[in-house]
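Visitor: Next come the chains, spelled out residue by residue.
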Amino acid sequence: MPLTFEFEEEYRNSRSIDITHDSFQQDFVFYVCGNFYENANVDATYGPDDDIQALNAAYSIIPPFRSMPLYAGGNILLTLDRLAVNQVGDDLWKVEATYAAKNEDQTAGNAGPNQGDKQIWSNNFVQLSFNVTAAREKRTMSRGLSSYSANINANNKTSPYKLNYPSPMGLTTEGADGADVYVRGFSFSITRYMTPNQLTFSYVRRLYRMSTTVNNNTFFGFPAGSVLFLEATGSGDVFSTVPVTFDFQMRPNFKFTTDKAQALLMDPTADDPALCLTRC
Amino acid sequence: LVNSTEANARASVWLNALSKSNLDNMPVYPQDFKTLSQLCGVKPVRILKNAEGVPRVFIIDREDTIQKIKDIYGFFTKKEAESQLKDAADI
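Top to bottom, those sequences are chains W and L. Under this note's numbering, read the first sequence as residues 1 to 280, first letter to last. Under this note's numbering, read the second sequence as residues 1 to 91, first letter to last.
Hints were generated in silico from the structure; no laboratory data involved. The reader is advised that the hints may include incorrect statements.
[Claimed, not checked] Residues from chain W shown here face chain L by an in silico Cβ test under 10 Å; the list is partial:
#, residue
1, N35
2, I61
3, L128
Glycine is no exception: its CB is placed at the ideal position from the N, C-alpha and C atoms.
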């Protein structure tokens, strides 16, 4: 026979709320009445397990969370902190459930139903946005001089630059004019929602120190040295969950030297030795 | 609603809460069901009422609710985000 049961909250005693300066708690009290004994495994040696049947009935109707409004605005998510099941009659059991505010990332010292759930309970979901750009950038040095012609006012001076070697583009007596090229850019933002207790001053200071640095390990699938952390912005109600947006710029973690046939991989932030004028 | 910071924040909180459970069908209190319904239009699998017929607990499909919130608010797990970004960078 399938397990069937009814439940009823206890008038007045259920749903009591207790708030202090550092805790938030709500209690539910109700009764479940069903065919627990009928469904119990009755063992001559170990006795019936109708208590397990009653507990399973309680599990099936007790929500693991309870959202409550805060005095200062916003909401708090309470988690199931205590569950007590006591037999009142043959097939009647009293169930008491307590919901309490829990630190989302608990340390081992804080016992509770969420202990050990640190990885699961941590903020696992993020929102993404992308930005692919094409920026104009002025290049003043060419990878190789392809041709030149003598200026009739130059008094037969020869060009200081050799064919096929890097040289300034559009060089005049007033400097190198250069040429505009389009450079691809790929930036992305990650938004995660953090609770006020996660947004500590030390965390913000860490963000400040991390700004303008690149990843030293694989980050969101990008290899080390290819993602530049630009900035983080947090806004919203400080009593509630705050969205924090992190901005990153992706770039290859290498570049080729312009030395044509002998082109080598090099650090993208270093100056290209092939573009050094003293070489010519 | 989807564009409001508060709705996104609440969606994030519920998304993390729902992902923490391993129940197929998860019970939620009526007010919380109302919030979830407003956030993502979730429908109850079952409604448990007391003897007077007043709804006391709503049973929802947990996986379906998670997917609805992810779709509507554009949330990704970190693994999915990695894959998305890698795909985007390969273009």
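Visitor: Taking the hints in turn, state whether each one holds.
Guide: Status of the hints after comparison with the structure:
{"no.": "1", "hint": "N35", "in the structure": "violated (17 Å)"}
{"no.": "2", "hint": "I61", "in the structure": "holds (5 Å)"}
{"no.": "3", "hint": "L128", "in the structure": "holds (6 Å)"}
Of the numbered hints listed earlier, the single one contradicted by the structure is hint 1.
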